[in-house]
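Residue numbers (my numbering), protein chains in the order written: chain A, 1 to 134; chain B, 1 to 262.
Be a bit skeptical, because a hint or two may be false.
List of simulated lysine-lysine pairs, PhoX-like, C-alpha gap at most 25 Å [as the list claims (entries may be wrong)]:
no., chain 1, residue 1, chain 2, residue 2
1, B, K140, B, K195
2, A, K83, B, K45
3, B, K212, A, K74
Hints are computed from structural coordinates only; laboratory data are not their basis.
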Amino acid sequence: MNDKKIIVAGLIIFILIVISPFLYNLGNSAPAPEIELSDKAKAAGQCVESKDFMKKEHMQVLDIWRNSVVREGKRIYTNTSGKEYNMSLSTGEESCLGCHTDKAKFCDRCHEYASVSPYCWDCHTDPKEMNNGK
Amino acid sequence: MGNNRRTFLKAAGISALGIGTAPVFNLFASSKPAATKLTPEFSQKKSALPAKHWGMVIDTRKFKSKEDLEPVIEVCNSIHNIPHHEEKNHEIKWIWEEEYEHAFTDAENKYINEKAKHLPFLVLCNHCENPPCVRACPTKATFKREDGIVLMDFHRCIGCRFCMAACPYGSRSFNFRDPRPAIEHQNPNFPTRMKGVVEKCNFCAERLAVGKLPACVEASKGAIAFGDLDDPNSTVRKLLEANYSVRRKPSLGTEPSVYYII
Numbered sequence: 001m002n003d004k005k006i007i008v009a010g011l012i013i014f015i016l017i018v019i020s021p022f023l024y025n026l027g028n029s030a031p032a033p034e035i036e037l038s039d040k041a042k043a044a045g046q047c048v049e050s051k052d053f054m055k056k057e058h059m060q061v062l063d064i065w066r067n068s069v070v071r072e073g074k075r076i077y078t079n080t081s082g083k084e085y086n087m088s089l090s091t092g093e094e095s096c097l098g099c100h101t102d103k104a105k106f107c108d109r110c111h112e113y114a115s116v117s118p119y120c121w122d123c124h125t126d127p128k129e130m131n132n133g134k
Numbered sequence: 001m002g003n004n005r006r007t008f009l010k011a012a013g014i015s016a017l018g019i020g021t022a023p024v025f026n027l028f029a030s031s032k033p034a035a036t037k038l039t040p041e042f043s044q045k046k047s048a049l050p051a052k053h054w055g056m057v058i059d060t061r062k063f064k065s066k067e068d069l070e071p072v073i074e075v076c077n078s079i080h081n082i083p084h085h086e087e088k089n090h091e092i093k094w095i096w097e098e099e100y101e102h103a104f105t106d107a108e109n110k111y112i113n114e115k116a117k118h119l120p121f122l123v124l125c126n127h128c129e130n131p132p133c134v135r136a137c138p139t140k141a142t143f144k145r146e147d148g149i150v151l152m153d154f155h156r157c158i159g160c161r162f163c164m165a166a167c168p169y170g171s172r173s174f175n176f177r178d179p180r181p182a183i184e185h186q187n188p189n190f191p192t193r194m195k196g197v198v199e200k201c202n203f204c205a206e207r208l209a210v211g212k213l214p215a216c217v218e219a220s221k222g223a224i225a226f227g228d229l230d231d232p233n234s235t236v237r238k239l240l241e242a243n244y245s246v247r248r249k250p251s252l253g254t255e256p257s258v259y260y261i262i
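Using the sequences provided together with the hints, build the complete structure.
Structure, rendered in structure tokens:
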């Protein structure tokens, strides 16, 4: 075992290479985005389910909603506490965007931070963007 | 390294420990089940129009010229965000006009009367009772609802166009290009489509769900009737009883739900 020095040096170099991406990004991670609620959403107090649940499961909720609306023609969502909601992402006052009026500050901020690009907006339209764009 | 009892036991002990860790790690790695099981309910709106089998009767006697058809086609195009592409191959059609010999290929006589020869006919998805497009679709993106409407779920469409090959009426169009730039005025109350999906008439399922009749029916000034074909007292059944009607390509056995009074 006369190669101890070489082995230890080699190990240190190897470990440095492996953790180099983490070292490189150390300290310059972007801060978690702040979500801005619209006045209407603030006034409502709660989304269709609890805030905690919506944070984690809104994608599953939307998936269930689209199947219910498109495939079964059922458009009313009665939540666990018995309150009824119109199931729609982007159309009209009684839709997700009807309450969360600022898509850029509500949806996009987090999605960009988490580097997810949901394809909702390939077809669904944000009334606000439509007015600005065209 | 002597191969004795002591080293063997050491190795065996460490191995046993290693094998034992896997289940423990799996236990920690598995996600916790949702803390609260939600029990939401899904229901139709109270204003939704009910039917067992939606059907349409088009009174071709009331459409005398192309000008009569235009408002009907226009209202559909505008509320459903249907793009207008200059290129004929990229055309998107939900409801459009067709001449007699193309619409009714089964009834192609050598000599037909002048009126039928020049009359423009409205054609759209026939919402067949036996829809070949539904059988062809590999993802069940197109499906037949319980009320007889053959619908597209654009979320699921992968753009394979099998349904277009299967439809004998040419009722389906493919978005070869991004439709958005080709939409003149976007209706915010209906989504657009994206490049790479097939689309077609949906019998205004979104309007029926809130208690409104299809837009083309409203714009036709009484020339198009809409109702429940399974209800003998419905307007459509009364019209079909009182008048002679035809359907497109009946010999194929698709059983269209769109009837034409000639």
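Each hint tested on the structure:
1. B/K140 <-> B/K195: 19 Å, holds
2. A/K83 <-> B/K45: 14 Å, holds
3. B/K212 <-> A/K74: 16 Å, holds
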